[in-house]
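Going down the list, the protein sequences come from chains E and U. Our numbering numbers the first residue of the first sequence as 1 and each following residue consecutively. Our numbering numbers the first residue of the second sequence as 1 and each following residue consecutively.
Source of the hints: derived by calculation from the structure; they are not laboratory data. All figures in this text were calculated on a predicted structure; none of them were measured in a lab. Ideal placement from N, C-alpha and C gives every residue a C-beta, glycine not left out. Each hint should be verified, as a subset may be incorrect.
Claimed, not checked - Taking lysine-lysine and the DSSO-like style, the derived pairs with C-alpha atoms no more than 27 Å apart in a straight line are:
no., chain 1, residue 1, chain 2, residue 2
1, U, Lys104, U, Lys120
2, E, Lys505, E, Lys403
3, E, Lys156, E, Lys7
4, E, Lys180, U, Lys30
5, U, Lys30, E, Lys505
6, E, Lys497, U, Lys30
Unchecked claim - Partial list, computed: chain U residues near chain E (C-beta under 7 Å):
no., residue
7, Phe33
8, Gly36
9, Ile44
10, Asn49
11, Phe133
12, Thr136
13, Ser137
14, Leu140
15, Thr141
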Amino acid sequence: MDISKYKGIYLQEARTHLAEIESGLLSLEKDPSQKDVLDALFRHYHSIKGMSASMGYTPVMRLAHAEEDLLDKLRSGKLSLNSSMATALLKCLDALRELTDRVERDEPLDVEITPLIDELTASVVGGSAPAATQPPAASVAPQPKTEALRLSEVMKVEGSVFDDLLATVGDLFMALSSFKALSHSSRSIEIKEGVHVLGKSISTIHKNILSARMLPLEDLIAGLPRVVRDLTSGSGKEVSLTSEGMDISLDRAILEGLASPLVHIIRNAVDHGIESAQERVECGKLSVGAIKIKAYTRRDRAVIEISDDGRGINRERLRKKAAERGLSAERLASMPDRELLKLVCMPGLSTADKVTGTSGRGVGMDVVKDSVEALGGALGIESAEGKGTKIIMELPRTTSITKVLIVSIGPEQFLLPISKIERVIETGKDDIGGGVFSFEGVQVPVVPLAELFGIAEKARPGATLILVDAGPILGAGQHLAALKVDDFGDEIDAYVKPLLPPISKLWGATGLTIMGDGRPVFLLDVQQIISKAAGA
Amino acid sequence: MKGDKIIIALDAGKFAIQTTAVAGVVEVEKLPFLPGRAGFVTGIISFRNEPVAVVDLAMALGDFSPAERSTHKVIVLRDKGRTLGMDIGEAALSFLWDEEIGGKTTDEKGLFTSGRIYAKDSTIEIIDWPALFNETSRMLTTEENVKKSPNS
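Assemble the whole structure, with the sequences as input and the hints as a guide.
In structure tokens, the structure reads:
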């Protein structure tokens with residue numbers, strides 16, 4: 001595993017501990033009876049030892065271990081701190097500082113620490129340290145105090161600070177939008193130039209803030225092996241969990257929102273998808289079930305697939321359960337397979353034979369779907385009976401500020417996320433027939449937005465089609481849909497505000513932005529619109 | 001029902017709203033489009049860079065035949081995290097100190113009204129805007145099931 005990316009965090013944490021150790025040792029030297037200080041010092045050394053062992057910084061680990069040992073004896077009352085012990089501990093502290101500085105500079109940690117450990121030992125027995133048999137490969141002389149005052153280059157900042165910064169940048173984007181509108185009508189070159197420079201600066205700030213908020217998926221899934229272990233424990237099942245593409249980074253807020261859906265999907269796979277070892281062997285499968293998490297990017301979105309090689313979804317049972325919940329037989333019979341499978345997201349519906357301690361009550365997949373959609377994503381399900389199930393989540397990688405295309409339907413304007421747009425095509429009136437448009441040999445379903453929103457279209461001979469990536473909604477092999485609009489305009493950076501009550505459950509929109517002239521314009525929920533059009 | 005009031009003079013009568021709930025009054029020529037608008041929910045405006053759903057007060061009170069308007073005077077109401085715009089068209093607005101109102105105030109309830117003031121020269125209905133807000137939420141959630149499940 002590449003741990004170099006954690007070096008910054010290591011240094012920041014280590015220096016925090018070292019600063020606390022210094023303060024603790026000095027305090028302890030004045031009053032060796034302070035039990036709480038001894039306890040705290042022990043924890044600091046223990047933390048440094050653990051962190052260093054994880055990172056492979058062995059000399060740091062060894063030195064911290066020796067000091068931890070001494071502290072343990074002090075706090076258990078086996079020893080009392082004397083001045084030679086305090087001196088030895090402070091020397092070791094300086095050496096730890098030197099070692100962490102070497103970590104920062106990517107220099108080898110070829111420091112001979114044995115003399116320092118010997119000095120620690122000698123301070124306990126009251127003797128002097130034996131002379132080192134070999135000269136140290138590098139000296140670990142105490143650092144001048146002025147250097148010890150140097151601040152860390154890595155800062156620890158509350159996540160909420162970045163949330164506030166992002167919101168402020170959003171306000172800046174909206175202000176910029178107003179200035180852009182003004183500069184369009186201005187003849188002043190200075191104003192146009194100023195707005196241009198302002199826009200570039202705001203974009204840079206935005207990019208930097210987003211970058212600071214990005215975390216790799218592996219941070220999120222690190223706890224999943226334990227989840228799988230606990231779920232399979234005593235169940236007669238064996239499951240291997242593998243992952244691919246976990247270095248893809250997403251905004252922290254999106255990762256946080258994914259935690260619960262991910263655990264639920266894994267839990268479902270273990271509880272209901274993967275068969276017992278005996279059952280698997282009987283049907284010719286390996287006794288160990290497999291769950292694979294695969295992530296990749298599609299344009300600026302992340303796709304996360306969680307697949308298992310279990311029994312798959314039983315469609316007949318699904319139909320039966322859906323019928324029990326009031327869906328008509330005709331509707332079920334005419335439902336495309338992709339829609340049928342999505343019935344598992346129907347609130348309260350579960351095809352599980354039995355309720356386990358953790359799942360099978362029909363609570364969950366509806367929440368998973370809602371959670372993914374609330375993040376601006378889409379959920380797709382593929383399943384082959386006897387072979388397994390794949391849950392596909394397609395998500396934006398960042399939040400709030402989105403590149404959008406302004407489109408017009410009649411007198412109204414809407415926004416479409418650029419990330420979803422494949423192509424914009426001007427068509428003649430005869431190019432669309434039977435609700436489909438032929439694009440590069442593929443029949444693409446046309447979604448009439450004016451009709452869906454109840455807006456009168458402009459009278460014109462042709463139409464503008466926005467070909468969008470429909471994600472997993474239309475099923476395997478069909479990824480395009482054509483949104484029919486009257487016209488399209490500029491591409492802009494929109495600060496998309498979430499929809500709050502009373503418009504929080506609005507159909508067809510995921511958010512809105514306030515344009516430079518003060519008009520609220522809605523960002524269309526492409527997935528939901530296509531989903532409705534496909535089901536109509 | 002104590003407190004200063006904004007008085008709205010509609011064709012259907014006089015209506016009052018607590019001034020403490022009024023965040024501002026905005027005039028627009030045209031209400032921007034609100035997807036799913038229906039009944040008395042007529043559009044959306046922005047107020048201090050925040051979106052505000054707008055209801056037509058006359059329609060909410062049962063008058064569905066308002067004249068074509070060249071101006072929409074929208075009273076923005078805000079309280080406890082809820083915000084709602086109340087379009088009163090070109091109706092006149094006035095302000096009354098609590099001491100000026102006089103008369104008797106009762107808790108007689110009506111459609112989106114929570115009380116009545118029997119003033120010296122007229123009767124004034126007190127608008128129950130939280131009820132209007134809740135009904136607006138409900139109306140704009142008519143397709144919530146579409147969002148919740150693909151099978152409705």
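Each hint tested on the structure:
1. Lys104/U x Lys120/U: 9 Å, holds
2. Lys505/E x Lys403/E: 23 Å, holds
3. Lys156/E x Lys7/E: Roughly 14 Å between the alpha carbons, so the hint for lysine 156/E and lysine 7/E holds.
4. Lys180/E x Lys30/U: 23 Å, holds
5. Lys30/U x Lys505/E: Holds: lysine 30/U and lysine 505/E sit about 24 Å apart, inside 27 Å.
6. Lys497/E x Lys30/U: 22 Å, holds
7. Phe33: This interface hint holds because 4 Å falls under the 7 Å limit.
8. Gly36: 5 Å, holds
9. Ile44: 5 Å, holds
10. Asn49: Result: holds, 5 Å to nearest chain E Cβ.
11. Phe133: With Cβ-Cβ at 6 Å, under 7 Å, it holds.
12. Thr136: Holds, because the Cβ-Cβ distance from threonine 136/U to chain E comes to roughly 4 Å (cut-off 7 Å).
13. Ser137: Holds - the Cβ of serine 137/U comes within 7 Å of chain E, reaching about 4 Å at its closest.
14. Leu140: This interface hint holds because 6 Å falls under the 7 Å limit.
15. Thr141: Hint on threonine 141/U: holds, closest Cβ of chain E at ~4 Å, below 7 Å.
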